[in-house]
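Asks: Dock chain C against chain W, hints included.
There are 2 protein chains.
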Amino acid sequence: MNKLVKCALALVMALGTTNMMAQVKKMPTYADFMSGSSRTSQAMASINGLQWWGDLYLLVDGNKLTATNPKTGKVDTLTTLEEVNNALKAAGVGELRQLSGQALWSDKPWMLLVTPGNYVVYDWQTKQVVRQTKTQQRGGRADYNKESGHVAYSVGNNLYVNDKAISNEPEGILVGQSVHRNEFGINKGTFWSPKGNLLAYYRMDESMVTQYPLVNIDTRIAEETPVRYPMAGMTSHKVWVGVYNVATGKNIFLDAGDPTDRYFTNISWAPDEKSIYLIELNRDQNHAKLCQYDAESGKLMGVLYEETHPKYVEPENPIVFLPWDATKFIYQTERDGFNHLYLMDTKVSVYPEKHSAAAGGTYTESLKTTQLTKGDWLVQSIVGFNAKAKEIIYLSTQESPLQSNLYKVNMKGQVTTINNDEAVHSVQLSASGTYVIDRYATPTQSRVVDIYEVAKPAKKKNMVTVGNNYENIAMPTVEIGTLKAADGVTDLYYRLIKPVDFDASKKYPAVVYVYGGPHAQNISASIRYGARAWELYMASKGYVMFCIDNRGSENRGLVFEQATFRHLGVEETKDQRVGVEFLQSLPYVDKDRVGVHGWSFGGHMTTSMMLRLNDIFKVGVAGGPVIDWQWYEVMYGERYMDTPQTNPEGYAETNLRSLAGNLKGHLLMVHGYQDETCVPQHTLGFIKACVDANVQPDLFLYPGHQHGVSGKDAIHLYEKITQYFEDHLK
Amino acid sequence: MNKLVKCALALVMALGTTNMMAQVKKMPTYADFMSGSSRTSQAMASINGLQWWGDLYLLVDGNKLTATNPKTGKVDTLTTLEEVNNALKAAGVGELRQLSGQALWSDKPWMLLVTPGNYVVYDWQTKQVVRQTKTQQRGGRADYNKESGHVAYSVGNNLYVNDKAISNEPEGILVGQSVHRNEFGINKGTFWSPKGNLLAYYRMDESMVTQYPLVNIDTRIAEETPVRYPMAGMTSHKVWVGVYNVATGKNIFLDAGDPTDRYFTNISWAPDEKSIYLIELNRDQNHAKLCQYDAESGKLMGVLYEETHPKYVEPENPIVFLPWDATKFIYQTERDGFNHLYLMDTKVSVYPEKHSAAAGGTYTESLKTTQLTKGDWLVQSIVGFNAKAKEIIYLSTQESPLQSNLYKVNMKGQVTTINNDEAVHSVQLSASGTYVIDRYATPTQSRVVDIYEVAKPAKKKNMVTVGNNYENIAMPTVEIGTLKAADGVTDLYYRLIKPVDFDASKKYPAVVYVYGGPHAQNISASIRYGARAWELYMASKGYVMFCIDNRGSENRGLVFEQATFRHLGVEETKDQRVGVEFLQSLPYVDKDRVGVHGWSFGGHMTTSMMLRLNDIFKVGVAGGPVIDWQWYEVMYGERYMDTPQTNPEGYAETNLRSLAGNLKGHLLMVHGYQDETCVPQHTLGFIKACVDANVQPDLFLYPGHQHGVSGKDAIHLYEKITQYFEDHLK
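Listed in order, the protein sequences are those of chains W and C.
2 is the number of the first residue of the first sequence in this note's numbering; add one for each residue after it.
2 is the number of the first residue of the second sequence in this note's numbering; add one for each residue after it.
Just chain W, same shape as in the assembly (with noise of 0.2 Å):
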């Protein structure tokens, strides 16, 4: 982890011959880096519908769906579209405008359609509907279980099983929605038993939460839009979850106990559909624990693990069973300080004693396990399994933490490599967990797809393969590297980009691009190591962009992660400091024109080191920021700066309208006005600050738009944001 990596990238020069090099802009806009990634699309498109059926694969070529044996390479065509639609013009059922990516089943010649308010399987062999399942559904995303062929979604605020609503809640209540704001990776509310007869939801009374009064502007006269919003230390909403029987129309509720202040997370079903486990979680995000609940009554059947953090645990992963053994699942913990894999034996109790972890916390384990993976990396995610071979597919930070790798491990915890090339891999397994399609980047590989064995990897297909994905523009060099933190010890990467026909001999103007909160990274082994469309940008305008992945981002471990506890920002921006010195001290950087950039977290970022470090910047454009903890929501900030009433001394040190004063350069504040994330509130609140302590901010805003602005709108942000440091920096 502590190697310096670092690599000269001259793109141009790699692809280029003289006659290309004529055709390359002086001077692209932002526009052209939106639509040069269209190299990569095209190259995408030519393996449409890539995915999985059984241990062939599928592609669609043109109208045609086919099969291919990646062992023999033999190809067959399943269908085309002439016959879906076909069939189901005959059903009368609409039809599909192209295909792409349709489910399949593996034990049948079946294939899902959707058209509006229609699930419709067709056999691609007798070319005929076989089951339709009707829907109330007006466009939203729906869960649909390919063995039952039940289809669960929402409409409004209320859960529809097939045609037939099963909850009638007023507005305040959302039944089978995400909830928890999407964090303990939580991302939808409704989970089919495996077997598809059950159906566990989420039900959340969000009515005693206060409302953010959000306007749109777009109506005749402006109409407020609320949106409930509980904010750090405020009434937050309840959880419950139900499980629905679609043979008896059954609901009941898990019965769990009073939900209030209580996270219910990671909801993941039995093989037998018997029972159903959560990991829930006390308000505080402290202590966890994972519960098995009897699907048919809702009682709690045992707490099979705990775990207690004197900061915080956050489990994120529901637990998985052996696909070849029923009665294990595997566990993911960071309870020794890196996320990694546990087997349970659901066979094998344990008396519950609590032990104390390796990162400091403590846990409890009712069940028999054992640890599969250890050491200071961590699993990224489970891939799959080969039930025959008994061993588990997993990415993880072994080789290095700027890369995803693919690796195995087995029962007794014996792990293979399977790549450990520097690149940033992303895997889908074949049914039987034989073959891989391997998606990933390299530093100097946009995008590249091989499909191969897993046990041979090294005799790869090649699908697809990009080098630079922007091959009209002149591109700079990138360069990584690791600096101490500003605690002396720990190594942090950077990124550093030279302009486009760099010159060391000139003293060129720099700009930091910074996210720096958890879960992120900004520095991998992906193209150009992760540099963005914008810092290339940048830099084809004359200017050093630099990015160092402070304490508290990702892939680094929890010890890395924790270090900023109950004071976001403040260790974050010391380590910047480190950044932007070194960056300082480079010869052909102006010392003097430095600037920073940063949306979201890296907006907190951008305003706290223009204040904290206002010798140091002096130019800023902080997006989507976050100004002060406080007006922030619960679940995610509460994790890491405990609440307003218990942690007020950090939120006061955090709160960056207190620093408004130390304004000295210049700073544009870019809010989405539509932002439901980091409400407008911390924006608008700063720039009353800002009048209060008689500085100068810039504001800017985007109506119709939330927490990032997207569409075509991006271009006019980018050329916003470029043209401050043009104004301002240059």
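Think of the hints as simulated: they come from the structure by calculation, not from any bench.
Be careful, since some hints might not be right.
Because identical chains cannot be distinguished in the list, a pair is counted as satisfied if it fits within a single copy or across any two copies.
Under the rule of at most 27 Å between Cα atoms (straight-line distance), these lysine-lysine pairs were calculated in the DSS-like manner [to be verified]:
| hint | residue 1 | residue 2 |
| --- | --- | --- |
| 1 | LYS147 | LYS109 |
| 2 | LYS665 | LYS713 |
| 3 | LYS65 | LYS462 |
| 4 | LYS196 | LYS275 |
| 5 | LYS165 | LYS251 |
| 6 | LYS731 | LYS665 |
| 7 | LYS731 | LYS542 |
| 8 | LYS275 | LYS147 |
| 9 | LYS375 | LYS290 |
| 10 | LYS575 | LYS665 |
| 11 | LYS721 | LYS665 |
| 12 | LYS721 | LYS619 |
| 13 | LYS542 | LYS619 |
| 14 | LYS731 | LYS592 |
Replies: Below, chain C alone, put in the same frame as chain W:
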């Protein structure tokens, strides 16, 4: 009116000595200009409490109240603060901190003292409290009647008289408050009868008016603070006029019929208290009626006068009865194109025949009417009467539209000039009409106060004279002149300010200050021809400042004002083009560095000029602008624009959002985030239009501020505006 007025001022030279020059700050801040006017304040403090008491004038001299005979100069002490407070303390009703402008009776040795919740009458001869009215008031304005001692005031949305609520209406219905958004000269909601026995008052139901969602960000979590805002063409409020009889406790409402889409304006009482006069208008505002109602029954007694105009009629002055003849009153109308005084005789009815009026409308008189003043100038206000001489004393623009001078007219329409100097006068008349307190400014004097006999204006007693109010700040030269409007015919007045330390051989950047809307005039015979502190500040920074009163502005008569009807901003911008082309022609102006700033209607004009004259204006700052007239309120907006339904082409032509794509220069939009007059939808909607058009304006909001940025934050605002020109125009 068409004469050229040109005058070079060099105030510093006039006031300065070499010794004083040494004290002149070379680079004042805007705060220096804010505090600079304290010289005027200090001078005014020396005439603290100056007002008439009969034909004696009162002054507060320290803690002593004196009365002076202007003829003899004899000074009597009426009372002291100590005596007043002794009496107040004896009555147990608090005390006063200072004497200043307390109301006195003309026929009794009485003085009104107001302490929290108490209206106390103090006899300064017996030194005792002689009358006391208790109220339930907690702040706010009250309407006290000296004759009866009754007091009317609001608590929340309901009306109280003395200590009793006389209405009990739910939220959405306002009683006793100003209505129709203060248009038509309305600025209060209660109107005591002459002897104080009856109270006429407004009742406004605005429960059907759509609410605009303003947002207060100062609470723990931001809160919506909606205001009922009737937008052009949308459903408006309804108004009734009530009459409360204090003795009987009985309330009646004037029987005026369905109040939907009607305006009830200019309430006044008959001298005998038996009837009430209103000027009523239809929603189109093109038909006014002077109506008389029986104050006891509420029945309509008659329509005394009617007036129509194809554009609009705008009554702004209640009728006033002659003090010496309760059968005659003065009506003011612009029916011949200029506001003039008409004597109407309630004893002599005439056949109500419709006549064509000189200004293009019609009028129908039911009473014998004599036009007392006439000419292509206008009466600005009736100052009062001399009952003995049977004269009306008034201010008018007879000498020049830049001036307010004092005149009197007798009942035969013979006008006598009291003064005609280059000045803007504001006067108070003594009880008999014999003397005046005359407060005025001239182009070289910021504040003068004289007392003299109306009949002998040359024999003045000067109370205060302040020349330059910014004695420690170097002042620029200020010139005025005229240019032909875009119509080729009309003279427009402009003001030109040369930079401090002007050097004719240099090329200066130039900034236009603009308002341009109805009911306002920027160039006048006031100090430095009306130049604002900010214009002087900009001149101190080396800008040529320019301002021109375009067609549509005040004091030039109806044709001049109505040139803009149904397409506000269009003709005005053409006239501003004339001004700026003259400005660019000046040898010391850099025609490529021209900017513009204005607020409110001037914000609309600034935006219009940046978009419609985008080859001329490089930098603009638009404050609190109207962007789309459909978002402005019904009363003002529909008067000049009709409704979006009846004038769709006018609303389309004047909607600056549709011109957003024309933006080429730097345009900063500034808005008070609590603006209830011109709601933030204007600026935010324009910003969105600019993002849609992919042009780059700048934005700033002032949370907590309404239509203006007042108090200490005005310094922040003007430094921000100034810096924007410094950044982009210099």
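Asks: Confirm or reject each hint.
Replies: Structure-based check of all given hints:
For the identical chains of this complex, LYS147 and LYS109 are intra-copy neighbours only, at 11 Å inside a copy versus 97 Å across copies, given an alpha-carbon limit of 27 Å. In the homo-oligomer, the alpha carbons of LYS665 and LYS713 lie at most 27 Å apart only across protomers (20 Å), although the nearest pairing inside one protomer, at 33 Å, exceeds that limit. In this assembly of identical chains, the alpha carbons of LYS65 and LYS462 lie at most 27 Å apart only when taken from the same copy (21 Å versus 102 Å across copies). For a Cα distance limit of 27 Å, the shortest separation of LYS196 from LYS275 inside one copy, 11 Å, qualifies, whereas the shortest one across copies, 88 Å, does not.
In this assembly of identical chains, LYS165 and LYS251 lie within 27 Å of each other by CA distance solely inside one copy; the values are 13 Å within and 61 Å between copies. When the C-alpha separation of LYS731 and LYS665 is checked against a cutoff of 27 Å, the pair qualifies both within a copy, at 17 Å, and between copies, at 21 Å. Taking CA atoms no more than 27 Å apart as the test, LYS731 paired with LYS542 passes in both settings, with 10 Å inside one copy and 24 Å between copies. For the identical chains of this complex, LYS275 and LYS147 are intra-copy neighbours only, at 19 Å inside a copy versus 86 Å across copies, given an alpha-carbon limit of 27 Å.
Taking the shortest Cα distances, LYS375 and LYS290 sit within 27 Å of each other inside one copy (22 Å), while across copies they are farther apart (91 Å). In this assembly of identical chains, LYS575 and LYS665 lie within 27 Å of each other by CA distance solely inside one copy; the values are 19 Å within and 41 Å between copies. Taking CA atoms no more than 27 Å apart as the test, LYS721 paired with LYS665 passes in both settings, with 21 Å inside one copy and 14 Å between copies. With identical chains, the CA atoms of LYS721 and LYS619 are at most 27 Å apart both within one copy (17 Å) and between copies (18 Å).
In this assembly of identical chains, LYS542 and LYS619 lie within 27 Å of each other by CA distance both inside one copy and across copies; the values are 18 Å within and 24 Å between. For the homomeric pair LYS731 and LYS592, the shortest alpha-carbon distances inside one copy (12 Å) and between copies (26 Å) are both at most 27 Å.
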